[in-house]
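As they're listed, the protein sequences go chains A and B.
For the first sequence, the working numbering begins at 1 and goes up steadily by one.
For the second sequence, the working numbering begins at 475 and goes up steadily by one.
Hints listed in this document are in silico derivations from the structure and should not be mistaken for laboratory results.
Given the structure is predicted, the values throughout are model-derived calculations rather than measurements.
Every residue gets a Cβ at the ideal spot worked out from N, C-alpha and C, and that includes glycine.
Some clues are possibly wrong.
As the list claims (entries may be wrong) - Part of the chain A face toward chain B, derived, beta carbon under 8 Å:
1) His105
2) Ala285
3) Gln405
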Amino acid sequence: MTNDAPDTVYDVAVIGAGVVGCALARELARYEVSVVVLERSSDVGNGTSKANTAILHTGFDCVPGSLESTLVSRGYHLLGAYAEAAGIAVERTGGLLVAWDDEQHATLASLQEKAVKNGYGATRILSAAEVRDREPNLGEGVRAGLEVPGESIICPWSTVLAYALEAATAGVSFLFDTLVSSVTRLEGVHVLATTRGEVRSRWLINAAGLFSSDVDGLCNHDDFKVTPRRGELVVFDKLARNLITSIILPVPTQRTKGVLVAPTVYGNVLLGPTADDVEDPFATATTEEGIARLFEAGAKIVPKLVGEEVTAMYAGLRAATQFQDYQIRAHEGEAYVCVGGIRSTGLTASMAIADYVAGLLRTEGLELKERFATPATPNMAPLGEQQRRRYLDAEAIERDPEYGQIVCHCERVTRGEVRDATTGVLGARDLGALRRRTRALNGRCQGFYCGAEVVALLSQLSGRSPAALTGLGS
Amino acid sequence: MTRDDKIDCDVLVVGAGPAGLSAAIELRARGVQRVVVVEREAQAGGVPRHCHHTGFGLRDLHRSLAGPRYADELCRRATASGVRILTGTTITSLENNGDARATNASGLHVITSRAVLLASGARERPRSARLVAGDRPPGVFTTGQLQQWVNVKNLPVGSRALVIGAEHVSFSAMLTLRHAHVRTVALVTDLENQQSVASYAFAARMLFGVPVWTRTRVIAINGHERVREVVLEDVATRKRRVEAVDVVVFSGDWIPDNELARRVGVEIDPGTLGPASDVGGRTSVASIYAAGNLVHPVETADVAALRAREVARVLAEDLKRGPSSSLFEQIALRVEAPLLWVWPNRVERAAPVSRLALRAKAFSESRLLVARQAGEEIARERVGKVVPNRALSVEGAFLAAADLGRGPVTLSLRA
Chain A
1 MTNDAPDTVY DVAVIGAGVV GCALARELAR YEVSVVVLER SSDVGNGTSK ANTAILHTGF
61 DCVPGSLEST LVSRGYHLLG AYAEAAGIAV ERTGGLLVAW DDEQHATLAS LQEKAVKNGY
121 GATRILSAAE VRDREPNLGE GVRAGLEVPG ESIICPWSTV LAYALEAATA GVSFLFDTLV
181 SSVTRLEGVH VLATTRGEVR SRWLINAAGL FSSDVDGLCN HDDFKVTPRR GELVVFDKLA
241 RNLITSIILP VPTQRTKGVL VAPTVYGNVL LGPTADDVED PFATATTEEG IARLFEAGAK
301 IVPKLVGEEV TAMYAGLRAA TQFQDYQIRA HEGEAYVCVG GIRSTGLTAS MAIADYVAGL
361 LRTEGLELKE RFATPATPNM APLGEQQRRR YLDAEAIERD PEYGQIVCHC ERVTRGEVRD
421 ATTGVLGARD LGALRRRTRA LNGRCQGFYC GAEVVALLSQ LSGRSPAALT GLGS
Chain B
475 MTRDDKIDCD VLVVGAGPAG LSAAIELRAR GVQRVVVVER EAQAGGVPRH CHHTGFGLRD
535 LHRSLAGPRY ADELCRRATA SGVRILTGTT ITSLENNGDA RATNASGLHV ITSRAVLLAS
595 GARERPRSAR LVAGDRPPGV FTTGQLQQWV NVKNLPVGSR ALVIGAEHVS FSAMLTLRHA
655 HVRTVALVTD LENQQSVASY AFAARMLFGV PVWTRTRVIA INGHERVREV VLEDVATRKR
715 RVEAVDVVVF SGDWIPDNEL ARRVGVEIDP GTLGPASDVG GRTSVASIYA AGNLVHPVET
775 ADVAALRARE VARVLAEDLK RGPSSSLFEQ IALRVEAPLL WVWPNRVERA APVSRLALRA
835 KAFSESRLLV ARQAGEEIAR ERVGKVVPNR ALSVEGAFLA AADLGRGPVT LSLRA
């Protein structure tokens, strides 16, 4: 939170602390500019960014020549390298598009050509036998496959948090529970009326995700309309993880986009998403009908999967617009850049988007001079199963016995990790934030064993009452 | 202990609930020297620690104790008999030769043993595992979570609750809610009747004004910051309605905590979802045994304790004799709907068959249990009233006529 005086004029205000807003904050933190990020919710990455398929895309199936294609393929490498440096969990599982009928089979060659147009040449068409050899638990009726070796899985929560931590440590201010209600420009300064008072900045970036067309409206533009597209997902028990080795992708056809079956870096298996346009940007409920559809599809793709226990179900909203491409534009002379219509590929593209937007700002006249000391890359808590988790880290436990005290048994989250996540910069203030920083409560028992313990501990560490933490008021 | 400490013992017991502790005590009584019980919670005793009602220990200790007293008593007896209990310690992996890795505040450890007894218990399926759609607000509990919430941590629960389920544990959840000054609107079951004893349901209605809504299914939970309402459906008419509550407790619907068993490759019984095992707790892996609600999800604590003692007696004998009989010499017992599971679900050829515990998932008019083998009926026996989620059992002598050399035996209910 900022302690700056109310008449402070920031160089740049970013609306939205999702993966795009935080990537922008991180990018701008490298320069000698003052930056504030305004977020309507209580945490970073708390909207679209928290509920997706957690895939690091190569961009092989983007629309060739689109801005999205350029930024995804670039972002893939940027984020891959950053994740490595910051200790964000990534697994290079590869992807496998599986064709189940003639139409899909016939599409594979054109998908391969499309991948090449997107700058990705490593795909390979596999015979049914080769597909089955690689993924023996696939259902009956496999016709062929397209291997996309670069497709990977990533921890989306650590990604957003790493960007935000790096930015905050370098001096970027984050204002939470801050909803922007109007934007006026007076003498070259944007005056933002918010639920927490006025915020002023010379430059304004709209990274408001589902609300990006609303914010665009506040700035008197009407270039696109976001229609939230709901994607429901089912998370299966970790005991299902060995059923697949790679991301099992559908072959998109005229009729249907299909659903995927993907491992997660936490060791679970995801089934989804559905794709339904909704009106309400808060409609993140799963539906009986949507879940039934996923089970029906899942039973064909990996029949054994649907026999395993379900650990969680959730729905995310993607910021779909009437256009195929990202809606990123600088408005000349207005010191305003809109970064809207960033769809599900936004996680992968985030760093490239930030770099691209910095370029637009420069072109528009914002001087971006590199700081003498570039901000340090943060060292993220290891949340991935392929990383050395704290409970398996003998040196960490010897240094700090709280890393040997497991609190959440299903996810093996230690007391030390809960403490780390709730203290310091951008510490967790609610259960959702704690879940995303530690995985606590995300496991198969959903709190049967540790629910009371975790809430009591978070209350003690955050100073917030258990009633406030569980929505019963303060 | 120091870092990467090695612990060697005769039997490693995983889980210090009633089954694990009772087995450990029995192993010591049978002359097994080094018995180590590993418990991941900070305190030993298992689920009874959170259950403040009385009635624990009736059949095994021959007294009626409140849950925490019962847990303390088992811990006391275990310690007095020379059992070593390691609390706050999690088994993180298990090899099929019985070697285990563990983590606790003093570091990482390797535990070697002659045999491992898994007694990791069972949990209630949470809302997600029951595929109840909707939002994901706070205010959704399982009974186990609720009991710790109220009885251990004294956290605020809410004001109006629906309890999903209408079996023994569901009424227990209602009492815990009452203790926390939460009004239970109803117990909800998709079955045609409640499944506890009639007097519980009668008392709930007459004393507390809590009805049981039968033939009612939970479809979804709505609410953002907090549970706001639950969508219910009449199973017969499919008519839906909405009930405004801020607490939902999912009770019963048990699943064993079988992760270690599955990861080590122990054969899993399709009914219990716990390790397939005989009355001696022998599994498909020679050095790995199993007991308690991990193998029969769930029996009351005292029954789990008594059956775990039986397991311990066999295990102690096996340790004297050498490796246990393998599954090749065992016959599988299977069940057909509406039966849900049977335990023991493996029977040793030569040995007399012990008492069989059964569970049903639906009501049945039939009380005739029929055993078939190789397509032929081999035995039939009248059993007690078939009520889902409630204990049902039959003497093992029922299977005396079975030729245990002729493959799996299937149990079903016949009109």
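Out of the numbered hints, which ones does the structure contradict?
1
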